[in-house]
Amino acid sequence: QQQVKQSPQSLIVQKGGIPIINCAYENTAFDYFPWYQQFPGKGPALLIAIRPDVSEKKEGRFTISFNKSAKQFSLHIMDSQPGDSATYFCAASMKIGAGGTSYGKLTFGQGTILTVHP
Amino acid sequence: GAGVSQTPSNKVTEKGKYVELRCDPISGHTALYWYRQSLGQGPEFLIYFQGTGAADDSGLPNDRFFAVRPEGSVSTLKIQRTERGDSAVYLCASSQGQNSPLHFGNGTRLTVT
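Going down the list, the protein sequences come from chains A and B. Position 117 of the first sequence, counting from 1, maps to 126 under the numbering used here, and the rest follow consecutively. Position 64 of the second sequence, counting from 1, maps to 63 under the numbering used here, and the rest follow consecutively.
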């Protein structure tokens, strides 16, 4: 019940294309859904996050779509650029710690390697 | 200011040896996390500190793994009797606390030969 399933494993698009990465979860207690970007040799960096009370969130060229009933969420990257080539991870969490003080116990998906060709 | 700092960046050790991995969180961040990332996989949660105490250590795989944060800032992940299966990138992250995003370091790549 703790799994987050991510697809596809890899994705290749041309510059300007709109890659879409999908994730599905099972645990209905999850209530925080971030996306992370990771470059080789670096730690993951937060891109955008959503909570289940909204169905869509946009930040710059990145959009999360969230379907609570289907327990699915996806990342769309508008006008993709070669510099967006990286591994993307979805994640999910619920509050932990004394008094529910943290969303930091993240369950990550398996990752999607995105390549954007010039 | 500086981000999360992890040292060493690479560590090669022999099977059976003891290793210590260090994490310096962002100044003022009260929450600190350790994750492990195997090749081609997403990070997996190991342990969470709020201040000096381990608030959740449910991700530690067995009793060979232990972590401390004695003064509520720097943390050390300790692995005894290392095994080849311990080879991975160990990531540290910190946050300001409630509802704040995690900031990850670049990790320590541990190789057990």
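Source of the hints: derived by calculation from the structure; they are not laboratory data. Just so it is clear, CB atoms sit at the ideal spot from N, CA and C, and this is done for glycine as well. Check the hints yourself; a few may be wrong.
What the hints assert, rightly or not - To give an idea of the interface, some chain B residues facing chain A are shown, with a C-beta separation under 7 angstroms as derived from the structure:
{"id": "1", "residue": "27"}
{"id": "2", "residue": "32"}
{"id": "3", "residue": "47"}
{"id": "4", "residue": "50"}
{"id": "5", "residue": "55"}
{"id": "6", "residue": "60"}
{"id": "7", "residue": "65"}
{"id": "8", "residue": "94"}
{"id": "9", "residue": "100"}
{"id": "10", "residue": "101"}
{"id": "11", "residue": "103"}
{"id": "12", "residue": "105"}
As the list claims (entries may be wrong) - In silico BS3-like cross-links for lysine-lysine, where the CA-CA straight-line distance does not exceed 27 angstroms:
{"id": "13", "chain 1": "A", "residue 1": "51", "chain 2": "B", "residue 2": "10"}
{"id": "14", "chain 1": "A", "residue 1": "66", "chain 2": "A", "residue 2": "80"}
{"id": "15", "chain 1": "A", "residue 1": "66", "chain 2": "A", "residue 2": "14"}
{"id": "16", "chain 1": "A", "residue 1": "80", "chain 2": "A", "residue 2": "24"}
{"id": "17", "chain 1": "A", "residue 1": "66", "chain 2": "B", "residue 2": "77"}
{"id": "18", "chain 1": "B", "residue 1": "77", "chain 2": "B", "residue 2": "14"}
A quick look at each hint next to the structure:
| no. | hint | result |
| --- | --- | --- |
| 1 | 27 | violated, 16 angstroms |
| 2 | 32 | holds, 5 angstroms |
| 3 | 47 | holds, 6 angstroms |
| 4 | 50 | violated, 10 angstroms |
| 5 | 55 | holds, 5 angstroms |
| 6 | 60 | violated, 15 angstroms |
| 7 | 65 | violated, 18 angstroms |
| 8 | 94 | holds, 6 angstroms |
| 9 | 100 | holds, 5 angstroms |
| 10 | 101 | holds, 5 angstroms |
| 11 | 103 | holds, 3 angstroms |
| 12 | 105 | holds, 5 angstroms |
| 13 | A:51 to B:10 | holds, 16 angstroms |
| 14 | A:66 to A:80 | holds, 16 angstroms |
| 15 | A:66 to A:14 | holds, 21 angstroms |
| 16 | A:80 to A:24 | violated, 30 angstroms |
| 17 | A:66 to B:77 | violated, 40 angstroms |
| 18 | B:77 to B:14 | holds, 15 angstroms |
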